[in-house]
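**Q** Required output: the full structure, derived from the provided sequences and hints.
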Amino acid sequence: MLDSLTAREKVQAIYIAYLASLVVMPLSIVGVFFAYKIRQEQRGNWLESHCNWQIQTFWIGLVAFLVGGLTAMLFVGYLIMLATGLWFLYRIIKGWLKLSENQTVEPKAYGLV
Numbered sequence: 145m146l147d148s149l150t151a152r153e154k155v156q157a158i159y160i161a162y163l164a165s166l167v168v169m170p171l172s173i174v175g176v177f178f179a180y181k182i183r184q185e186q187r188g189n190w191l192e193s194h195c196n197w198q199i200q201t202f203w204i205g206l207v208a209f210l211v212g213g214l215t216a217m218l219f220v221g222y223l224i225m226l227a228t229g230l231w232f233l234y235r236i237i238k239g240w241l242k243l244s245e246n247q248t249v250e251p252k253a254y255g256l257v
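Just so you know, we're using my numbering here: the sequence shown kicks off at 145 and counts up by one.
Mixed in with the good hints there might be a few duds.
Stated by the list, open to error - Label pairs and their in silico Cβ distance ranges:
1) Ala164 / Ala227: 12 to 22 Å
2) Ala151 / Met217: 41 to 51 Å
3) Thr248 / Phe219: 13 to 23 Å
Quick caveat, the hints were computed from the structure, so don't treat them as lab data. All figures in this text were calculated on a predicted structure; none of them were measured in a lab. Each residue gets a CB set at the ideal place from its N, CA and C atoms; glycine is no exception.
**A** The structure is reproduced here in C-alpha cells:
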C-alpha cells in the first residue's frame with residue numbers, strides 16, 4: 145500500500161499516524177517504524193529532516209510519557225503526561241505545516257527540543 149504513495153505522502157502518513165496515536169497509542173510505533181524506513185530512502189533529501197523530526201518526536205515523547213507514568217502515583221505524573229501530549233501535538237502540527245510548505249524541519253529551531 146505504501147509503495148503507491150510518493151515520498152511526501154509517506155511522510156504525511158506518518159504525521160497522520162502520530163496524530164491518531166493520541167487516541168490509539170500503538171499507531172505511534174507504526175509511525176516511527178515507517179519513519180526509519182522512509183529516512184533510509186530519503187537520505188540527502190529535504191524529507192529526511194521530517195523523518196528525523198518524527199523519530200526524535202517519538203523517542204522523546206516515549207521517555208517523557210514513561211516518566212509521567214512512573215510518577216503518576218504523585219500528582220506530578222499526570223501533569224507530565226498532559227504536557228507530553230501537548231508537546232507531541234505541537235511537534236505534529238509544526239512538522240506538518242513545514243511539510244505543507246515544502247520546507248525542512250530543523251529539530252532545534254523551534255525550542256522545546
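**Q** Hints the structure violates: just list their numbers, smallest first.
**A** 3
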